[in-house]
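Chemist: Sequence:
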Amino acid sequence: MVETSETRYRVGGMDCAACATKIDTAVRRVAGVADVSVSVVAGTMTVRHDGSSDLKTIEKKVTGLGYSVSPFAGSAAPAQDHGPHDHHDHGDHDHDHDHADHDHGQNKIDGLHGRDHAPMTGSWWQSRKGRLTIVSGAALIAAYAIGHLVPAVASYAFVIAMLVGLVPIARRAIMAALSGTPFSIEMLMTIAAVGAVIINAGEEAATVVFLFLVGELLEGVAAGKARESIQSLTALGPKNALLEDNGQTREVPAESLAVGAIIMVRPGDRISADGVIVSGESAIDEAPVTGESTPLRKGVDAVVFAGTVNGDSVLRVRVTAAAADNTIARVVRLVEEAQESKAPTERFIDRFSRYYTPGVVVVAALVAVVPPLFLSGAWDEWVYKGLAILLIGCPCALVISTPAAIAASLSAGARRGLLMKGGAVLETLGKVTMVVFDKTGTLTEGKPKVTDIVSFGLSGAQVLSRAAVLEQGSSHPLALAILNRARADGVPVPPAFELEALPGKGVSGKVGGETLDLLSPSAARERGALDGEKDARIAVLNDEGKSVSVLLVNAVAVGLIAMRDEPREDAEAGLSALKSAGVKAMMLTGDNKRTAAAVAGMLGIDWRGEMMPEDKQRVVGELKRQGFIVAKVGDGINDAPALAAADIGIAMGGGTDVALETADAAVLHGRVGDVARMIELSKRTMRNILENITIALGLKAVFLVTTIAGITGLWPAILADTGATVLVTINALRLLRIRT
Numbered sequence: 001m002v003e004t005s006e007t008r009y010r011v012g013g014m015d016c017a018a019c020a021t022k023i024d025t026a027v028r029r030v031a032g033v034a035d036v037s038v039s040v041v042a043g044t045m046t047v048r049h050d051g052s053s054d055l056k057t058i059e060k061k062v063t064g065l066g067y068s069v070s071p072f073a074g075s076a077a078p079a080q081d082h083g084p085h086d087h088h089d090h091g092d093h094d095h096d097h098d099h100a101d102h103d104h105g106q107n108k109i110d111g112l113h114g115r116d117h118a119p120m121t122g123s124w125w126q127s128r129k130g131r132l133t134i135v136s137g138a139a140l141i142a143a144y145a146i147g148h149l150v151p152a153v154a155s156y157a158f159v160i161a162m163l164v165g166l167v168p169i170a171r172r173a174i175m176a177a178l179s180g181t182p183f184s185i186e187m188l189m190t191i192a193a194v195g196a197v198i199i200n201a202g203e204e205a206a207t208v209v210f211l212f213l214v215g216e217l218l219e220g221v222a223a224g225k226a227r228e229s230i231q232s233l234t235a236l237g238p239k240n241a242l243l244e245d246n247g248q249t250r251e252v253p254a255e256s257l258a259v260g261a262i263i264m265v266r267p268g269d270r271i272s273a274d275g276v277i278v279s280g281e282s283a284i285d286e287a288p289v290t291g292e293s294t295p296l297r298k299g300v301d302a303v304v305f306a307g308t309v310n311g312d313s314v315l316r317v318r319v320t321a322a323a324a325d326n327t328i329a330r331v332v333r334l335v336e337e338a339q340e341s342k343a344p345t346e347r348f349i350d351r352f353s354r355y356y357t358p359g360v361v362v363v364a365a366l367v368a369v370v371p372p373l374f375l376s377g378a379w380d381e382w383v384y385k386g387l388a389i390l391l392i393g394c395p396c397a398l399v400i401s402t403p404a405a406i407a408a409s410l411s412a413g414a415r416r417g418l419l420m421k422g423g424a425v426l427e428t429l430g431k432v433t434m435v436v437f438d439k440t441g442t443l444t445e446g447k448p449k450v451t452d453i454v455s456f457g458l459s460g461a462q463v464l465s466r467a468a469v470l471e472q473g474s475s476h477p478l479a480l481a482i483l484n485r486a487r488a489d490g491v492p493v494p495p496a497f498e499l500e501a502l503p504g505k506g507v508s509g510k511v512g513g514e515t516l517d518l519l520s521p522s523a524a525r526e527r528g529a530l531d532g533e534k535d536a537r538i539a540v541l542n543d544e545g546k547s548v549s550v551l552l553v554n555a556v557a558v559g560l561i562a563m564r565d566e567p568r569e570d571a572e573a574g575l576s577a578l579k580s581a582g583v584k585a586m587m588l589t590g591d592n593k594r595t596a597a598a599v600a601g602m603l604g605i606d607w608r609g610e611m612m613p614e615d616k617q618r619v620v621g622e623l624k625r626q627g628f629i630v631a632k633v634g635d636g637i638n639d640a641p642a643l644a645a646a647d648i649g650i651a652m653g654g655g656t657d658v659a660l661e662t663a664d665a666a667v668l669h670g671r672v673g674d675v676a677r678m679i680e681l682s683k684r685t686m687r688n689i690l691e692n693i694t695i696a697l698g699l700k701a702v703f704l705v706t707t708i709a710g711i712t713g714l715w716p717a718i719l720a721d722t723g724a725t726v727l728v729t730i731n732a733l734r735l736l737r738i739r740t
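Taken in order, the sequence shown gives residues 1 to 740; the numbers are from this note's numbering.
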């Protein structure tokens with residue numbers, strides 16, 4: 001089989017970067033595996049393979065390291081490949097990570113591994129890891145007590161206390177070494193503890209093992225907190241729905257809804273599926289899904305998303321996406337997949353740590369051996385220092401520094417409707433120096449509004465009322481603009497007779513004894529209905545980028561209605577935010593130059609008009625050659641060439657397939673200001689990563705010096721390692737609290 005398949009798994013029990021590295025290394029060694037992506041925070045693994053891989057072998061490798069594993073539903077793995085694992089397929093929505101049913105298949109290794117999801121789904125002391133830590137602590141206290149009561153056996157008591165915690169650690173170290181990771185933290189810990197016993201430091205060895213377990217427990221709790229940020233998204237989707245069936249409504253599980261089903265949504269209920277309103281009108285609170293703070297008024301034919309809240313009246317909704325494909329599911333899947341793709345900084349640190357850990361082992365060995373052999377140092381003292389350096393050298397904090405920050409940032413963004421496909425996108429966003437916007441539907445609303453009503457002899461309301469009479473029943477955007485304005489102003493719209501469309505010219509009809517025509521200026525000119533003054537008014541409106549319709553009553557021009565696709569409410573503020581961040585902006589549009597100039601003038605932005613998709617692509621290429629890092633913002637369809645040509649393509653839209661899947665990033669609720677927020681989030685994330693690397697390396701440097709100087713020993717060394725990992729994770733989690 002030439003093409004590669006992709007199989008995705010849930011992996012239970014990962015809580016630090018070292019876990020991901022061990023799994024990655026082990027699975028890559030399986031025949032036929034082309035690539036492996038592991039996300040600690042999402043608890044997922046994606047394996048690309050050529051189809052010849054034995055998927056059971058892949059699963060055994062992971063369970064052998066002490067983690068639970070189950071394939072996603074709908075992943076590329078054929079069912080028969082899984083054999084006894086088939087019943088563990090939890091599906092795309094199994095985000096509770098409860099793998100208790102998997103434990104029986106993992107013999108004793110998983111139990112010894114002590115890593116599971118309990119810190120996330122229950123109290124820490126209910127997890128195996130928590131229980132192991134408690135037992136190890138109790139054994140240490142017992143050893144101290146025995147040592148005081150019977151000093152002669154104190155050293156043996158501490159060795160036994162140490163073994164309680166060390167045996168599981170050593171088993172994991174051996175499994176990792178056999179799977180291709182000889183320099184794991186477990187191996188460093190095992191060497192240090194055994195070495196400490198050999199030089200008669202059993203008390204410290206037992207304490208260090210206990211502190212190591214405490215540190216791991218804290219890491220698990222911190223990783224669980226990060227993971228919850230993604231899982232809380234899935235909690236937005238309601239579990240049940242009211243399905244209409246033969247005129248009756250009955251409650252069914254939301255995941256059982258089929259495309260095309262009609263559901264009823266009561267006021268105050270969460271909408272249980274993506275769909276289209278078939279009857280009713282209500283204010284929809286989209287804040288849970290898109291972060292949009294004000295409820296949106298939606299009526300028949302409007303699109304609604306799963307997880308949003310129906311406001312004030314009953315709606316009937318036709319389901320357009322199954323549970324596994326609704327907006328929330330796609331956002332969650334996108335965030336999880338994004339976390340599996342490594343950022344450039346993360347890849348660099350991974351490569352660095354590959355050489356760094358063996359380097360630390362060599363330095364520790366030299367510190368232990370060189371002074372006693374060549375400088376008359378005491379063996380006990382220098383071996384002790386060497387063992388402490390071994391513990392200081394663990395790269396956990398360093399390796400987690402980048403993915404923890406990126407995961408927190410991707411989750412924080414997703415909660416606010418800012419989707420970024422991976423760490424590389426997140427990193428590049430912060431470097432953007434030019435943002436190129438499409439006009440229609442991006443900087444503007446995408447639908448025209450009535451901007452001016454000019455009347456000659458009649459009142460403005462009378463002109464609007466007569467125009468609306470002619471446009472009844474039309475779905476043309478300009479007709480809808482007139483009807484919406486009439487509804488908003490509360491003007492009467494009586495029924496018309498003999499309505500007739502005049503192709504390319506306008507529409508005519510009769511009402512109340514009057515013959516009405518709503519025509520284009522050129523059609524009105526042909527009928528001789530325009531004089532110099534009226535033509536001048538039309539020319540002024542056209543220069544402002546507005547489309548004009550002329551209303552005739554009994555062949556006499558009585559009013560003008562001007563319409564324009566108006567800028568989004570926040571467009572000016574959004575562009576101003578980019579400017580204050582030092583980022584330039586430009587508008588590219590296929591619209592005529594007059595309209596483009598008018599909109600650009602209102603927003604104060606550089607522009608190019610009358611551009612075909614290939615012209616937009618060419619301009620993006622030119623900007624890149626001038627040295628700009630370019631982000632292109634568009635609707636993801638007609639802008640596809642330019643989106644692809646830019647360094648970052650950002651799709652604007654309300655959670656459509658295109659918005660979520662074609663570009664590098666997406667702004668779910670279509671606010672221009674969100675582009676600036678995305679760039680700011682990226683910059684903040686990169687600052688956070690720098691802080692994390694500084695914490696990780698800084699603590700190690702300080703303790704390296706103090707250890708060699710004889711000021712600190714094994715206990716502070718292990719505290720430096722686990723402490724740095726916990727500090728780095730907590731610092732990264734601060735990104736979750738960002739209010740963008």
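Keep in mind the hints are simulated off the structure, nothing from the lab.
The reader is advised that the hints may include incorrect statements.
Stated by the list, open to error - Restricting the straight-line Cα-Cα distance to at most 27 Å, the calculated cross-link-like pairs of lysine-lysine (BS3-like) are: (1) Lys505 / Lys447; (2) Lys579 / Lys510; (3) Lys624 / Lys534; (4) Lys431 / Lys579; (5) Lys505 / Lys534; (6) Lys683 / Lys584; (7) Lys624 / Lys584; (8) Lys593 / Lys449; (9) Lys431 / Lys505; (10) Lys447 / Lys431; (11) Lys449 / Lys431; (12) Lys584 / Lys431; (13) Lys683 / Lys593; (14) Lys683 / Lys431; (15) Lys579 / Lys505.
As the list claims (entries may be wrong) - Now the in silico label distances, taken between C-beta atoms and shown as ranges: (16) Lys624 / Lys510: 53 to 61 Å; (17) Asp54 / Gly268: 46 to 54 Å; (18) Gly247 / Ser52: 48 to 56 Å; (19) Ala324 / Phe456: 25 to 33 Å; (20) Gly621 / Glu498: 49 to 57 Å; (21) Arg687 / Lys624: 19 to 27 Å; (22) Thr320 / Ala501: 25 to 33 Å.
Yeah, the Cβ is synthetic: ideal placement off N, Cα and C, and Gly gets one too.
Chemist: So, for every hint listed, does it hold in this structure?
Modeler: Here is what the structure says about each hint:
| no. | hint | verdict |
| --- | --- | --- |
| 1 | Lys505 / Lys447 | holds, 21 Å |
| 2 | Lys579 / Lys510 | violated, 53 Å |
| 3 | Lys624 / Lys534 | violated, 47 Å |
| 4 | Lys431 / Lys579 | holds, 14 Å |
| 5 | Lys505 / Lys534 | holds, 18 Å |
| 6 | Lys683 / Lys584 | holds, 16 Å |
| 7 | Lys624 / Lys584 | holds, 13 Å |
| 8 | Lys593 / Lys449 | holds, 19 Å |
| 9 | Lys431 / Lys505 | violated, 50 Å |
| 10 | Lys447 / Lys431 | violated, 33 Å |
| 11 | Lys449 / Lys431 | violated, 37 Å |
| 12 | Lys584 / Lys431 | holds, 12 Å |
| 13 | Lys683 / Lys593 | violated, 35 Å |
| 14 | Lys683 / Lys431 | holds, 8 Å |
| 15 | Lys579 / Lys505 | violated, 43 Å |
| 16 | Lys624 / Lys510: 53 to 61 Å | holds, 59 Å |
| 17 | Asp54 / Gly268: 46 to 54 Å | holds, 52 Å |
| 18 | Gly247 / Ser52: 48 to 56 Å | holds, 54 Å |
| 19 | Ala324 / Phe456: 25 to 33 Å | violated, 59 Å |
| 20 | Gly621 / Glu498: 49 to 57 Å | holds, 55 Å |
| 21 | Arg687 / Lys624: 19 to 27 Å | holds, 26 Å |
| 22 | Thr320 / Ala501: 25 to 33 Å | holds, 31 Å |
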